[in-house]
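Trainee: So you can see what is in the structure, the chains are spelled out below.
Number of protein chains: 2
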Amino acid sequence: MGKSLVYPKRASNTVNRYNHRATYDLGAIHTIINESAVLHVSFSAGPDNPFPATLPMIGQMGSFEYPSADINEPLDCYLHGYVSSRIMNLARANNDGVGGGENKGLPLCISAAHVDGLVLSLTPNSHSYNYRSAILHGYGQLVTDEAEKHYAMKLVTNSVVANRWEHTRVPPNNAEMASTTILRVRIVDGSGKIRDGGVSDDKKDVEDEEVTGRVWTGVVPVYQVLGEPIAAKGNRVEEVPAHVREFVEAVNEKNRGYAIAAAAK
Amino acid sequence: MGKSLVYPKRASNTVNRYNHRATYDLGAIHTIINESAVLHVSFSAGPDNPFPATLPMIGQMGSFEYPSADINEPLDCYLHGYVSSRIMNLARANNDGVGGGENKGLPLCISAAHVDGLVLSLTPNSHSYNYRSAILHGYGQLVTDEAEKHYAMKLVTNSVVANRWEHTRVPPNNAEMASTTILRVRIVDGSGKIRDGGVSDDKKDVEDEEVTGRVWTGVVPVYQVLGEPIAAKGNRVEEVPAHVREFVEAVNEKNRGYAIAAAAK
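Quick note, the sequences are listed as chains A and B, same order. Using our numbering, the first residue of the first sequence is number 1, and each one after it goes up by one. Using our numbering, the first residue of the second sequence is number 1, and each one after it goes up by one.
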């Protein structure tokens with residue numbers, strides 16, 4: 001392994017609580033983002049609104065300039081959305097120099113979290129989750145180049161099911177291209193937090209036989225499962241194709257394996 | 001059923017895209033929040049920082065004033081955190097009149113999302129998720145009343161595993177009470193979005209036999225599973241207790257059942 005790239009530590013992304021669980025490693029953070037079916041994308045809703053806005057979106061790390069870039073190299077986050085949505089309109093305005101982005105684009109915070117286990121200990125206060133979470137800060141700009149948009153649409157589609165793009169009716173027609181908007185987020189910093197392992201309790205409780213004699217402690221693994229594919233009424237292809245079947249199997253094995261291994265650490 | 005309460009529709013929480021999927025129903029929104037193991041909580045990181053901050057937190061809807069309030073009645077959102085974390089410090093400052101909250105507390109956006117299925121259609125553009133998502137806007141204030149704090153700690157613990165609180169060493173001691181901070185979020189508005197059902201494709205593709213002859217369409221159900229509980233090394237209770245076993249079974253049945261039913265709609 002070569003040296004691993006890390007995001008700069010700034011006030012805005014430095015983890016203070018349980019900082020032994022923190023990571024600034026690009027590879028670790030990008031993997032947590034890429035394995036999330038949903039990203040929570042937040043932005044300021046304007047000077048008159050005290051509440052940030054948050055949208056659940058589909059996204060994926062990638063690089064149009066260097067498509068072969070590895071997961072632990074600098075990457076952009078491509079977010080998929082609808083052309084007239086508020087976030088896209090704000091990004092458009094920020095591209096034009098309106099708003100707080102200083103022309104760099106719309107300032108965004110992207111958040112992802114996976115729960116891998118319920119850590120059940122002797123007292124409520126020492127209860128915890130095994131989890132992986134990550135945030136990225138960056139500036140979102142609308143992708144206008146057709147080739148880059150095409151690249152990002154394929155990237156995002158294949159994150160839903162690997163190789164799905166190639167097994168559908170492509171390329172998108174003009175109406176489909178026009179109705180889809182892609183936001184490219186140039187990342188400025190990020191951080192992640194990972195908790196794995198078992199139960200941890202205070203010495204006083206561990207040595208109290210009245211307590212240990214009645215309170216069960218352990219970890220309940222938590223993982224997302226892809227169930228048996230259900231064919232559409234209009235489907236004309238007899239068998240579930242290999243790219244779907246293999247993806248379902250691979251994801252299930254990975255998710256379950258991770259949660260159980262995390263509990264055993 | 002009596003009439004169902006809804007959140008007011010404002011610019012900040014009105015769903016524009018696919019608005020037939022939108023809900024403002026308190027019961028639907030509160031349920032999506034309560035069934036999320038992690039909430040993504042966003043707040044402004046201050047006037048000098050263009051990026052909102054987002055934290056993954058554990059939270060639950062409840063009412064200390066009316067503990068028997070139903071899920072479809074007005075409720076607060078109780079968020080659990082560490083005493084010296086940034087969000088708690090900001091909430092403390094906002095309680096004191098500093099910051100943009102006009103003394104009402106720290107303005108927050110709370111976001112939750114569940115993916116229930118991968119909807120695989122003929123073209124990438126008509127691919128979708130079955131999902132349930134919700135956001136809440138509100139003002140976060142630190143809970144200072146001991147009885148309310150106790151109420152919220154129990155509420156949050158029992159959201160991780162039902163009845164867990166009663167089966168652990170309680171009540172929390174003074175050090176545990178002091179190290180835990182609870183944020184009560186007074187909700188001002190909210191919205192939810194629910195997508196279920198099967199594949200939907202454009203007529204042109206559905207009528208193209210070359211396409212329907214080679215592209216499999218259908219739904220892959222997605223659901224979170226609680227695995228077999230793994231006892232801690234220090235555990236002294238022989239069997240997995242009923243409150244854990246029954247919770248695991250009930251959650252698994254509900255999650256899997258929902259995802260499959262959503263696909264079949």
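Incorrect hints may appear among the rest.
When chains are identical, the list treats them as one kind, so a pair holds in a single copy or across two.
As the list claims (entries may be wrong) - Cut-off 25 Å, straight-line C-alpha distance, at most; resulting in silico cross-link-like pairs (DSS-like, lysine-lysine):
1. K104 / K204
2. K265 / K203
3. K9 / K233
4. K254 / K149
5. K204 / K265
6. K149 / K204
7. K203 / K233
8. K104 / K203
9. K9 / K203
10. K104 / K265
11. K204 / K254
12. K254 / K154
13. K154 / K204
No lab work stands behind these hints: they were computed from the structure. Because the structure is a prediction, the values reported are computed rather than measured.
Trainee: Each hint should be assessed against the structure and marked as holding or not.
Mentor: Tested hints:
Taking the closest pair of Cα atoms, K104 and K204 never come within 25 Å of each other, the shortest separation being 54 Å inside a single copy and 40 Å across copies. Taking the closest pair of Cα atoms, K265 and K203 come within 25 Å of each other only inside a single copy of the chain (20 Å); across copies the shortest separation is 52 Å, beyond that limit. Taking the closest pair of Cα atoms, K9 and K233 never come within 25 Å of each other, the shortest separation being 52 Å inside a single copy and 37 Å across copies. For the identical chains of this complex, K254 and K149 are neighbours neither inside a copy (30 Å) nor across copies (39 Å), given an alpha-carbon limit of 25 Å.
Taking the shortest Cα distances, K204 and K265 sit within 25 Å of each other inside one copy (23 Å), while across copies they are farther apart (53 Å). Taking identical chains as interchangeable, the C-alpha atoms of K149 and K204 lie at most 25 Å apart only when they sit on different chains, with a minimum of 23 Å there against 59 Å within one chain. Only between protomers do K203 and K233 lie at most 25 Å apart by alpha-carbon distance; the minimum there is 15 Å, versus 59 Å within a single protomer. In this homomeric assembly, K104 and K203 never come within 25 Å of each other (Cα to Cα): the closest approach is 52 Å inside a single copy and 41 Å across copies.
Neither within a single protomer nor between protomers do K9 and K203 lie at most 25 Å apart by alpha-carbon distance, with minima of 34 Å and 51 Å respectively. For a Cα distance limit of 25 Å, the shortest separation of K104 from K265 qualifies neither inside one copy, at 43 Å, nor across copies, at 44 Å. Taking the shortest alpha-carbon separations for K204 and K254, neither the intra-copy value of 38 Å nor the inter-copy value of 38 Å comes in at or below 25 Å. Proximity of K254 and K154 under a CA criterion of 25 Å is satisfied intra-copy only: 23 Å inside one chain copy versus 34 Å between copies.
In this assembly of identical chains, K154 and K204 lie within 25 Å of each other by CA distance solely across copies; the values are 21 Å between and 55 Å within a copy.
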